[in-house]
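Undergrad: The chain contents come next:
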Amino acid sequence: MSDVTKLIHEYLRHNKKFPHVFCAGCGHGIVLGSLVRSVHALQLPKDNVVIVAGIGCSGRMAVYVDFNTVHTAHGRALTFATGIKMANPELNVICVMGDGDALSIGGNHLIHAARRNIGVTALVLNNQIYGMTGGQCSPATPQGDMSMTSPYGSLEQPFDTVDLAKAAGANYVARSTSFHANQLDKLMQEAILHPGFSVLEALTPCPTQYGRKNKFRHVVDMYNWLKKNTVKVEKWKEGDSRIPTGVFQNLDRPGLEERYAELRQSLQPQE
Amino acid sequence: MAHRRRRKRKELFAQGNEAVAQGALLAGCSFYAGYPITPSTEIMEIMAQRLPRIEDGVFLQMEDEIASMGAAIGASLTGRKAMTATSGPGFSLKQELIGYACMVEAPLVIVNVMRGGPSTGLPTSPAQGDVQMARWGTHGDHPIIVLSASTVPECLEMTVVAFNMAEKYRTPVILLIDEVTAHTREKITIPHEDELEVLSRMQPAVPPEWFKPYAEAARGVPAMAPIGQGYRCHVTGLTHDQMGYPTSRPDEVNEFMTRLFRKIDNYYHDVVLVDEYCLEDAQYAVVAYGCVARSARHAVDQARERGHKVGLLTLRTLFPFARPAVERLCMQCEHVLVPEMNMGQISREVKRVNNGRSRIRTLNRVDGQIITPSEILKAIL
Amino acid sequence: MKELQKIERFEIRLSGTGGQGLITLGRVLGHSLALGHGYNVTQTQSYGPEARGGSSRADVVISSSAISFPKTENLDLLVALSQPACNAYYRFLKRGGVLLVDSELVQHAPTNQFVGLPFTKLAKDKIGNELTLNTIVLGAVTHLLAFAEPRIVRKSLEETLPPKILALNIKAFNLGLREAKRHLGEAPEIWQTAAENGAEEDMEGFED
Ligand SMILES: Cc1ncc(C[n+]2csc(CCOP(=O)(O)OP(=O)(O)O)c2C)c(N)n1
Ligand code: SF4
Ligand SMILES: [Mg+2]
Chain B
1 MSDVTKLIHE YLRHNKKFPH VFCAGCGHGI VLGSLVRSVH ALQLPKDNVV IVAGIGCSGR
61 MAVYVDFNTV HTAHGRALTF ATGIKMANPE LNVICVMGDG DALSIGGNHL IHAARRNIGV
121 TALVLNNQIY GMTGGQCSPA TPQGDMSMTS PYGSLEQPFD TVDLAKAAGA NYVARSTSFH
181 ANQLDKLMQE AILHPGFSVL EALTPCPTQY GRKNKFRHVV DMYNWLKKNT VKVEKWKEGD
241 SRIPTGVFQN LDRPGLEERY AELRQSLQPQ E
Chain W
272 MAHRRRRKRK ELFAQGNEAV AQGALLAGCS FYAGYPITPS TEIMEIMAQR LPRIEDGVFL
332 QMEDEIASMG AAIGASLTGR KAMTATSGPG FSLKQELIGY ACMVEAPLVI VNVMRGGPST
392 GLPTSPAQGD VQMARWGTHG DHPIIVLSAS TVPECLEMTV VAFNMAEKYR TPVILLIDEV
452 TAHTREKITI PHEDELEVLS RMQPAVPPEW FKPYAEAARG VPAMAPIGQG YRCHVTGLTH
512 DQMGYPTSRP DEVNEFMTRL FRKIDNYYHD VVLVDEYCLE DAQYAVVAYG CVARSARHAV
572 DQARERGHKV GLLTLRTLFP FARPAVERLC MQCEHVLVPE MNMGQISREV KRVNNGRSRI
632 RTLNRVDGQI ITPSEILKAI L
Chain S
653 MKELQKIERF EIRLSGTGGQ GLITLGRVLG HSLALGHGYN VTQTQSYGPE ARGGSSRADV
713 VISSSAISFP KTENLDLLVA LSQPACNAYY RFLKRGGVLL VDSELVQHAP TNQFVGLPFT
773 KLAKDKIGNE LTLNTIVLGA VTHLLAFAEP RIVRKSLEET LPPKILALNI KAFNLGLREA
833 KRHLGEAPEI WQTAAENGAE EDMEGFED
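Chains B, W and S supply the protein sequences, listed in that same order.
Residues in the first sequence are numbered consecutively from 1, following this note's numbering.
Residues in the second sequence are numbered consecutively from 272, following this note's numbering.
Residues in the third sequence are numbered consecutively from 653, following this note's numbering.
Just so you know, these hints were derived from the structure itself, not from any lab.
Since we're looking at a predicted model, the values are computed, not measured.
A hint or two may mislead.
Said to hold, decoys possible - Under the rule of at most 27 Å between Cα atoms (straight-line distance), these lysine-lysine pairs were calculated in the DSS-like manner:
| id | chain 1 | residue 1 | chain 2 | residue 2 |
| --- | --- | --- | --- | --- |
| 1 | W | Lys458 | S | Lys773 |
| 2 | S | Lys833 | S | Lys746 |
| 3 | W | Lys281 | S | Lys658 |
| 4 | S | Lys807 | W | Lys281 |
| 5 | W | Lys580 | S | Lys723 |
| 6 | S | Lys723 | W | Lys281 |
| 7 | S | Lys833 | S | Lys773 |
| 8 | W | Lys622 | W | Lys649 |
| 9 | S | Lys723 | S | Lys773 |
| 10 | S | Lys658 | W | Lys279 |
| 11 | W | Lys281 | S | Lys833 |
| 12 | S | Lys833 | W | Lys279 |
| 13 | B | Lys6 | W | Lys580 |
| 14 | B | Lys166 | B | Lys227 |
| 15 | W | Lys649 | S | Lys807 |
Full structure from sequences and hints, please.
TA: So, in structure tokens, the structure goes:
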């Protein structure tokens, strides 16, 4: 058996749930692959891994993997994840969210999860569009870009996930793309291991909804775009219009669950 | 033989909100997530005090009521008994995830201390305007259990009942109280552990490879495997099959939806709780709940003193609606009065059940004031 | 020693301004009558806008039988520690009810049938701490209520107050009790007089 086949047997659910919902060329599947490889590389017991997903194409990946999986409501994945982590800090809790999920309807939860530094890993699959609902504008859609709800070009300035998470106080903040699979794997592992709140943004193409409306003729063009328009943060300089990737914040403040355990300890009646 | 000395029970002079918190802790609640809002905040404050001091107790102040619901459901999925409490505006925000809890059959207690509405309304005044919302607030057809309490001791009692029902039937349970009951202080007695029935959800009886997380076990209620114990289930708000995987196959959808309703219907007589007062020979009945039931009882006593055959039916369970008890009243009594602090949210249920048998009268007050005994008495006489 | 009397329904309102400790007073009094004496008691209080803007109010209903309606409707005892509170609530006092005021702060009682003590002044001069005002009132109220047992109320104070401020408050409670006994007469007589006056007095015409 090839390594990939082994991973598939080990980590994907066999019963009933295939074929999957992702379009040909969708970047979400690559992030899913990276997630599986990372859990495997880190040797996390499957019983301990909890995938908490939002609603969107991205959120659909939860059902395919043989972990504890919770497919929540649009925007609310981090709230469930916070409850799960606090109730059982032993678990490795990983949130999978789209850009609409994490930055729009769930934007408040994102900044508060960062502020309280809950020990959860947040994966933001940013395809700059609402994929699932058919290509509407998202808070990550670049200004001027086309979508079903910005037929004349978007007027609004997008959020930068990394800046937002950094400013809100996340312990670990990183960015990669579906094109840079090796970097994505490395950062994914770091994000999962890092205590406190980690945010990993993965830029991922949505050929069906974003690509077609924004003059990407082929799926491959979108991956080429990611290649050409990103640069390692170490090489990035002020004024460079390319998108920096890599690690942007690396703090070691204790996670909320650790601080809570200390509080509980300190309140124990002394013998 | 050694005498078993009866230990003295602890007594407190406490508010309704405090009684709710006490009841939750007695019922085994070890997780609270909430957002402050008058007049429910004391529940949250007491949980903030107490939970970090008990083993595994978790208290979280979340960024809003939606987040509080999400966190509580998440905790419930790990096997915890979880609670969140709020009032009007916060209850509105919780609605989407109340439906989620119904869908994934997560045991959970949601307390709503009713205040005047709509919108910000009357933050510190009582009302009963959220009754139909508690029943129908979330989208989609769904069964739900809605309980109420009219005195401070009942707040404690009904909170324990709410947890027990949530666990037994794997469902969110809504406890509706009102500002008067929440903020009145009265004596409550803390029962000993052995005096209290505390139920917990059914655990899987088979190993993970045989387990079907949404297959019917106890008369419609499935067993529940906590996250992290080897069962690796899928939980989703999409309509799902017995394995928990999304489905839109009409036969599977139908099976799921009918089981959801059946699991409450099967236990109807355990779920529907009412108190009957002076009803044996009554020719005139009052149907009330919450703080208004207290006024009604006072009015019934006064009417009886004057020789009128009046009785009172207090609804402790608002939904599912106490159809048999109300039907009996409607056959027995010429008049039925439904006083409530809204424009007629339970009276519409009474009228539906009455089906023309008795004369149903309503007494409504929406000015943020409790309906007084004398108003009810006047309506009766 | 006072007997544990049978009470049909007895309503008290403690009113004044914020910072006089009236909510605590209501809670301690309720606690004592409910848990110490064994009566049925409900206690409610002002909240929100009503509790801001300076005014404060705590109500206590006491009965030997179960209390159905938890709020006050006809007051048997109104304690008013400010002029506005006295003006606002006097009309809820029933005929034969007793009005107890802070005789320095309430200069214009809406009736000449009232009893008063300079509570705030006593707290300042005799105890040396204005914050003990409410406990002095508790002492006086305990004296007025024929069914309240000072020993039990004192014990309730011990149960509800933090140890640090207990000694001072016991002193204040005893002072209130003593002053009431000295200046207001014996409890049964006070109620007797109020009842007789109530029968004659024309209550109409008093508006706030
Ligand atoms: C409360 C609520 N509002 C709206 C929706 C509809 N909805 C489903 S997915 C989605 C957007 C998905 O976009 P994104 O989060 O970026 O995920 P993607 O599909 O692009 O991966 C929306 C608006 C919903 N399910 N719930
Ligand atoms: S619509 Fe876009 S995001 Fe969704 S599956 Fe297709 S390509 Fe992927
Ligand atoms: Mg998207």
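Undergrad: Which of the listed hints are not met by the structure?
TA: 1, 9, 11, 12, 13 and 15
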